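Novice: Next come the chains, spelled out residue by residue.
2 protein chains.
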Amino acid sequence: MPLSKVLDRIDTALPDAMDRLMALLRIPSISTDPAYAAECDKAADWLVEELQSLGFKAEKHETPGRPMVVARHEAPGPHILFYGHYDVQPVDPLSLWHRDPFDPAIEETPKGPVIRGRGASDDKGQLMTFIEACRAYKDVTGALPGNLTIFLEGEEESGSPSLIPYMKAHADTLRAELALICDTSMVSPGVPSIAGQLRGMLKDEFTLHGPRIDLHSGHYGGPALNPLREISKLIASLHDDTGRVTVEGFYDGVPDPTPEQKAQWADCGFDEAEYLGSVGMTRAHGEDGYSTLEQQWARPTIEINGLWGGYQGAGSKTVIPAEAHCKITCRLVGDMDPDDVRAKLRAHIETRLPVDARITWDSDLEGSPAAVMNTARPEFEAARQALSEEWEREAVIVGMGGSIPIAGYFKEILGMDAMLIGFANDDDAIHSPNEKYDVKSFHKGIRSWARIIDRIAG
Amino acid sequence: MPLSKVLDRIDTALPDAMDRLMALLRIPSISTDPAYAAECDKAADWLVEELQSLGFKAEKHETPGRPMVVARHEAPGPHILFYGHYDVQPVDPLSLWHRDPFDPAIEETPKGPVIRGRGASDDKGQLMTFIEACRAYKDVTGALPGNLTIFLEGEEESGSPSLIPYMKAHADTLRAELALICDTSMVSPGVPSIAGQLRGMLKDEFTLHGPRIDLHSGHYGGPALNPLREISKLIASLHDDTGRVTVEGFYDGVPDPTPEQKAQWADCGFDEAEYLGSVGMTRAHGEDGYSTLEQQWARPTIEINGLWGGYQGAGSKTVIPAEAHCKITCRLVGDMDPDDVRAKLRAHIETRLPVDARITWDSDLEGSPAAVMNTARPEFEAARQALSEEWEREAVIVGMGGSIPIAGYFKEILGMDAMLIGFANDDDAIHSPNEKYDVKSFHKGIRSWARIIDRIAG
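In order, the protein sequence lines correspond to chains Z and Y. Heads up: the first sequence at position 224 corresponds to 224 in my numbering, and the numbers run straight through without jumps. Heads up: the second sequence at position 336 corresponds to 336 in my numbering, and the numbers run straight through without jumps.
One chain only, chain Z, in its complex shape:
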């Protein structure tokens, strides 16, 4: 039985696998900051070398931004593509990290050992679970375990500007039977999870312009339009008292979760109190009548991500500023169309503008629709069984609050279904200080992929 030998090999070689992950985590491959472009190159080179050592035909492909890593192993059987990303988020605020984000280490915690460092969970630790599964097969059997392409991006954390053109130009190489994506989390620690649906996203940003210049709030206070007060009113107008978005037509194309989904999600081991409590909340603050998971997976949102205007320094400044600024993201579900939602959002704001105010919109912010996976494919059932065996707990088909546009692009550009399986946990602090990945996630993640490969890539 090669699988059991592969699993044994994964167990015994875990320390070496961790060392390799540490080496990758030491490369500060922050994609959004041009100052780190060379580091992104270095991470891509490291991966190419790693994949070549396993027998892949691996190459770094330049783009106008950060390079792609593409590794191919031709073999009989269905062509499976694995996607991950080697770039990471910026580390600010650095002062809140308790160690250098790029000097990773194993730390003992009350919940078990963790790998601490930027990218440990998102996504270097996760992408290495698949590569290490391949390595274990190679070590045990002498060959890679199937007809595989590994496709690693370096711009996921900065909006993937090169991704679509690259996919279009290399469609023939990348088109496979199925894409595997490892960039998601488990619904609850120890509960293996396959994403059945992902929310889409659109970004927007505006400046509200009021007085021609900054005004003195003593001299002008009263008659002057204050952009900070007006932008607050506009933002406050986006939701009613039940948490429902008030933008006209916002919910067009939004399906209610099915009774089956509601039942499955209510029974998927999600500990609402623990989840909310870990970030300081005692209740869900979204739409009344929906559970935390429903609010997060099946309901669209408008979130304010940045808001500013006037004086922010120490002490006081008696100013009525000329401008106020707001950054917005919407999460989309069902058939919501990003361009349609953007138009409705903008109309909502613009029809509520007071006299003497005007709005300018940032026009360069993209959007992507929600994605619903083709869970009827046999690979989903195979993966569900494999995961259930490894984790000794029934695997569940869950939703995801975040947006992973790559799944939509695979479908749209390559006509290829995707299956998203990840081993992150909600307390991994991705995008935040002190990011970590549980050693258990890394270890059992590798074993999970070995089991899934055994079932679907044979």
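It should be emphasised that the hints constitute simulated quantities derived from the structure, not laboratory data. Hints should not be assumed to be uniformly reliable.
What the hints assert, rightly or not - Ranges of calculated distance between the beta carbons of each label pair, as one might list FRET restraints:
1) Gly315/Y <-> Leu14/Z: 33 to 43 Å
2) Ala273/Y <-> Ala37/Z: 32 to 42 Å
3) Asp240/Z <-> Glu248/Y: 37 to 47 Å
4) Tyr251/Y <-> Ala273/Z: 36 to 46 Å
Model, not experiment: these values are computed from the prediction. In this text, a Cβ means the ideal position worked out from N, Cα and C, and glycines have one as well.
Chain Z is fixed; fit chain Y onto it per the hints.
Specialist: Chain Y in isolation, oriented as in the chain Z frame:
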């Protein structure tokens, strides 16, 4: 007739007076920034030397902050104190200045020549009108024109932290029959104005704390409390749709303007359309039912001066921030008590806090009540006549939207009435880029003080 000779002397010596003002404007005496402490010292020294050259016994007095300048000339007649401030506002945003703020120059404009530079209007140009009037008397008569004290502060733009202790310690020196204050503007260009009432002020600042850490707006968007949305709702709740403040009890102690005041203000030459239009407004945005001047002089306000949270950089960041911040000032009228208003404002905010949010308040922000001048004193009628003669236009008793706490302190600590007369114009851009003072304001301001001194200090 010495007055006519003094006025002639003012006319012929105007170029020299402008040169002296330029020299003072070249000193960047920004009080709020410790980096400019030495420059504040330099400005104080310059004034001491200037006043000594006129025959004053002038001294620089150290304080824990910036020094005071006190100049005394003992003579028969009523003791008159003149107050001004030699410190200036910061210059940011520097990029919006069309010249170095501290390299002043005379510039021709469609409305006539102006003196351009930080402090030209607020308050170096204004304080020099009085000193130059004294100089003209000295030049013509060989003596200073009365029993005078000149008292110049260096911390007016940074909250005057040393002022009250200094006044208490030097009460005997500073106590005079009447204080003259030159730090205000004319209600309309060419309309000489005496301030009959000033609004008070209180400052407050809070942080709204939501989630324990910054959250990913995809993963948490929906169930997570968003402090930017909540702070917007709180700010939006401060006013109703008519522009009235909704804080319970906010208007306690607020008198409506009297019919006499309303009539006088309606007929004081104030061009509402020009005033609002110059800063890009077509209407008054304060409480319905009150004119622009009533909103500005006779009605209290709550203004947001700073608002911020989340991501402010280029592009997008999918964050729900842990905190949001807000800086507030209230302008007070009538008998409103700053501490009482602060308590009511805080109660309004705190009772509207959602579950899982909490507030922290900045506790170090001061307040001062409104001030109503004793316009029945004969010096007000004397000044009104003097100003009407100089400007060939009936002088008016106006309100002031700004807060000049010194008038209240003079009354409270020294039992001394104050008379506020200034020659600034609303388009002087004080506290803003490209501050200016009309050459006409400077010239006729000097002449105005000469006429007023002639009537009240003789």
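Novice: Checked against the structure, which of the hints given earlier come out wrong?
Specialist: 2, 3
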